[in-house]
Amino acid sequence: MSDSPIVKNADGFREGDVEVWYDSVKDETFQTKFVPLEPEDAKAIIAAFYQETDEAQQNRLDRLIGEIDACIQSFPAKAAFVRLSHLSPKDGALTMINKLVSLFKENLNDVQLDRAEEFVELNRAIYQLCKSQTGDEAMTFFTKSNRSVKHFQSQLKQISDETPWKMNIVVREWNEIAPEYEFRAFVYQKRMTAITHYYKFCYVRDVALQKEMYCGLMQDYYNNIADTLPDNCVLDFCILPDTKEVRVVELNPWSVHASSALFDWDKDKAVLTGDAPFEFRISDKPHADLMERISSTLAILWQTVRPLRYEEGEQIPRTEERIVYSFKWSSYKTLPFYKFSSGFVLNPASTIDWDYFLREVIPVHPRDGLERTYWENSSRFFQAIGMNIKSFQNFEKDRSPHWITTLDFIIVVECAVISHKGKRLPDYLNALLPVVLSAYQWIFDVFQHFNQPQAIKD
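Residue numbers (my numbering): 10 to 467.
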């Protein structure tokens with residue numbers, strides 16, 4: 010399906026920017042305020058991302074923090090979701106591993122859930138992670154977001170008389186919604202042609218049992234607001250499960266760059282453009298192959314916050330094939346990667362300081378031993394390996410979940426050490442980082458139980 014060109018309005022904002030669509034649905038969505046962002050402000054955020062701010066840049070950040078905080082405190086909820094005009098710093102939230110672990114455990118509340126239910130709780134925890142109650146918390150999302158930094162860098166290069174800088178920090182009042190009740194609708198020539206569950210592999214029993222009712226709620230709601238919307242757009246709804254109230258989350262331009270979730274822009278073109286009957290697609294039953302369906306980033310994140318249980322029908326390694334690591338700092342030289350990797354040259358100027366690496370870069374939570382490891386400076390590392398995931402997914406299918414190669418691990422080590430010391434990652438690493446995606450899982454998983462013969466083979 011052909012994509013729509015980037016269009017800017019009279020004020021210089023791009024099609025899809027919050028500033029373009031907010032007024033048209035102001036009464037149907039969450040209260041929103043805008044903090045102007047100047048090019049020098051963006052440069053200050055970039056510098057903070059790399060931990061290279063000077064005094065003038067820090068002053069700019071402090072001013073922005075104060076303005077954002079004033080917006081947040083003006084809301085009755087005293088909390089907000091922050092984003093930029095054109096995108097959200099959601100990858101910044103995903104670097105806060107410790108907080109995510111806490112939220113995830115809090116949501117579970119020691120209740121035994123099946124995998125589909127636990128996946129719902131993971132999405133809820135990720136949603137809660139995006140909540141900012143102060144300007145300082147909000148700024149953290151941007152200064153840890155590789156996605157935002159890349160956007161800033163791209164937009165800074167395009168500044169000209171013909172393409173002036175137009176960008177805001179968008180502060181939206183926080184609403185306690187359940188992300189499993191978010192849906193994406195496709196509007197073509199003023200007709201709502203299709204709806205899909207926003208989280209495409211998220212099975213929600215309530216939605217599956219009352220599919221027609223939820224579909225009817227959204228269709229009726231759209232008919233009431235259709236006149237205020239563009240002829241063609243991708244519209245995100247949320248439904249409050251207790252009251253069944255429908256709200257607009259955001260509008261996106263009609264574009265293949267907008268996720269189509271359970272639809273495909275090319276294969277389902279007839280449905281999306283209204284040449285085939287309307288469809289409402291959800292996961293009607295739990296996915297037995299859920300871990301293979303979700304993105305590698307999300308699967309790794311899930312493994313990070315809670316080791317997955319083996320479920321019925323899954324192959325479980327025999328007890329004698331599994332290793333339980335009992336670890337003390339005094340015995341770190343017994344770990345497999347130490348003897349295999351010690352002394353490798355990372356670049357002409359440095360070698361691994363293993364004592365420093367094991368003591369400082371990968372601190373272990375005191376209560377959990379090596380059942381869980383937490384990266385003290387996971388932000389830039391996690392953001393970097395989260396890039397270009399799609400190019401890696403097909404390759405990953407030929408490996409077990411625990412594979413690791415010497416090259417992978419050396420890259421992981423260098424990323425961690427450089428990140429910990431607050432220095433910029435070398436450009437050449439950016440091209441290699443997608444390869445370490447599974448190594449990141451291994452870091453958090455190898456100290457659990459794993460299949461020794463398969464690990465040796467890998």
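Because the hints were derived from the structure by calculation, they are not lab data.
The structure displayed is predicted, hence computed values, not measured ones.
Check before you lean on any hint, since a few could be wrong.
Stated by the list, open to error - No more than 20 Å apart at the CA atoms, straight line, and that leaves these computed lysine to aspartate or glutamate pairs for EDC-like:
1. Lys209 <-> Glu126
2. Lys42 <-> Asp78
3. Lys278 <-> Asp236
4. Lys52 <-> Glu24
5. Lys35 <-> Asp277
6. Lys199 <-> Asp277
7. Lys209 <-> Glu76
8. Lys42 <-> Glu24
9. Lys42 <-> Asp71
10. Lys220 <-> Glu126
11. Lys199 <-> Asp236
12. Lys140 <-> Glu115
13. Lys278 <-> Glu288
14. Lys108 <-> Asp71
15. Lys209 <-> Asp245
16. Lys220 <-> Glu254
17. Lys87 <-> Glu185
18. Lys140 <-> Glu76
19. Lys209 <-> Glu115
20. Lys278 <-> Glu254
21. Lys209 <-> Glu182
22. Lys140 <-> Glu182
23. Lys294 <-> Glu76
24. Lys35 <-> Glu24
25. Lys114 <-> Glu127
26. Lys140 <-> Glu259
27. Lys209 <-> Glu259
28. Lys99 <-> Glu185
29. Lys87 <-> Asp236
Hint check results:
Between Lys209 and Glu126 the CA atoms are separated by roughly 14 Å; this keeps the pair inside 20 Å, and the hint holds. Taking the CA atoms of Lys42 and Asp78, the gap is near 11 Å; set against the 20 Å cutoff, the hint holds. A distance of roughly 24 Å separates the Cα atoms of Lys278 and Asp236; the hinted pair therefore is violated under the 20 Å criterion. Note on Lys52 and Glu24: the hinted pairing is violated, with a Cα-Cα distance of about 24 Å set against a maximum of 20 Å.
Restraint check: the Cα-Cα separation between Lys35 and Asp277 comes to about 31 Å, which exceeds 20 Å; the hinted pair is violated. A hinted pair counts as satisfied when its Cα atoms are at most 20 Å apart, and Lys199 with Asp277 qualifies at roughly 18 Å. A hinted pair counts as satisfied when its Cα atoms are at most 20 Å apart, and Lys209 with Glu76 does not qualify at roughly 36 Å. Taken as a hint, the Lys42 and Glu24 pair is honoured in the structure, with Cα atoms around 18 Å apart against an allowance of 20 Å.
Restraint check for Lys42 and Asp71: satisfied, since their Cα atoms lie roughly 18 Å apart, inside the 20 Å limit. Of the supplied pair hints, the one linking Lys220 and Glu126 holds, its CA atoms being roughly 18 Å apart against a limit of 20 Å. Restraint check: the Cα-Cα separation between Lys199 and Asp236 comes to about 8 Å, which is no more than 20 Å; the hinted pair holds. Our distance criterion of 20 Å between C-alpha atoms is met by Lys140 and Glu115, whose separation comes to about 16 Å.
This hinted pair checks out: Lys278 and Glu288 have alpha carbons roughly 12 Å apart, not beyond 20 Å. For the given pair, Lys108 sits about 24 Å from Asp71 by alpha-carbon distance, which is inconsistent with the 20 Å threshold. For the proposed pair Lys209 and Asp245, the alpha carbon gap of about 13 Å is at most 20 Å, so the pair holds. Straight-line distance between C-alpha atoms of Lys220 and Glu254 comes to about 15 Å, which keeps the hinted pair within the 20 Å bound.
For the suggested pair Lys87 and Glu185, the alpha carbons sit about 12 Å apart, so the restraint of at most 20 Å is met. At most 20 Å may separate the alpha-carbon atoms for a hinted pair to count; Lys140 and Glu76 meet this at roughly 17 Å. A distance of roughly 24 Å separates the Cα atoms of Lys209 and Glu115; the hinted pair therefore is violated under the 20 Å criterion. With a C-alpha separation of about 30 Å, the suggested pair Lys278 and Glu254 falls outside the 20 Å cut-off, and the hint is violated.
For a cut-off of 20 Å, the pair hint linking Lys209 to Glu182 is broken: about 26 Å separates their Cα positions. A C-alpha spacing of about 10 Å is found between Lys140 and Glu182, which places the hinted pair at or below 20 Å, so the restraint holds. A C-alpha spacing of about 46 Å is found between Lys294 and Glu76, which places the hinted pair above 20 Å, so the restraint is violated. Of the pairs offered as hints, the one joining Lys35 and Glu24 holds, with about 17 Å between alpha carbons and a cut-off of 20 Å not exceeded.
Restraint check for Lys114 and Glu127: satisfied, since their Cα atoms lie roughly 11 Å apart, inside the 20 Å limit. Restraint check for Lys140 and Glu259: satisfied, since their Cα atoms lie roughly 17 Å apart, inside the 20 Å limit. Taking the CA atoms of Lys209 and Glu259, the gap is near 18 Å; set against the 20 Å cutoff, the hint holds. For a cut-off of 20 Å, the pair hint linking Lys99 to Glu185 stands: about 17 Å separates their Cα positions.
Simply put, Lys87 and Asp236 have alpha-carbon atoms about 32 Å apart, too far for the 20 Å limit, and the pair is violated.
When the structure is compared with the earlier hints, violations turn up for hints 3, 4, 5, 7, 14, 19, 20, 21, 23 and 29 and for no others.
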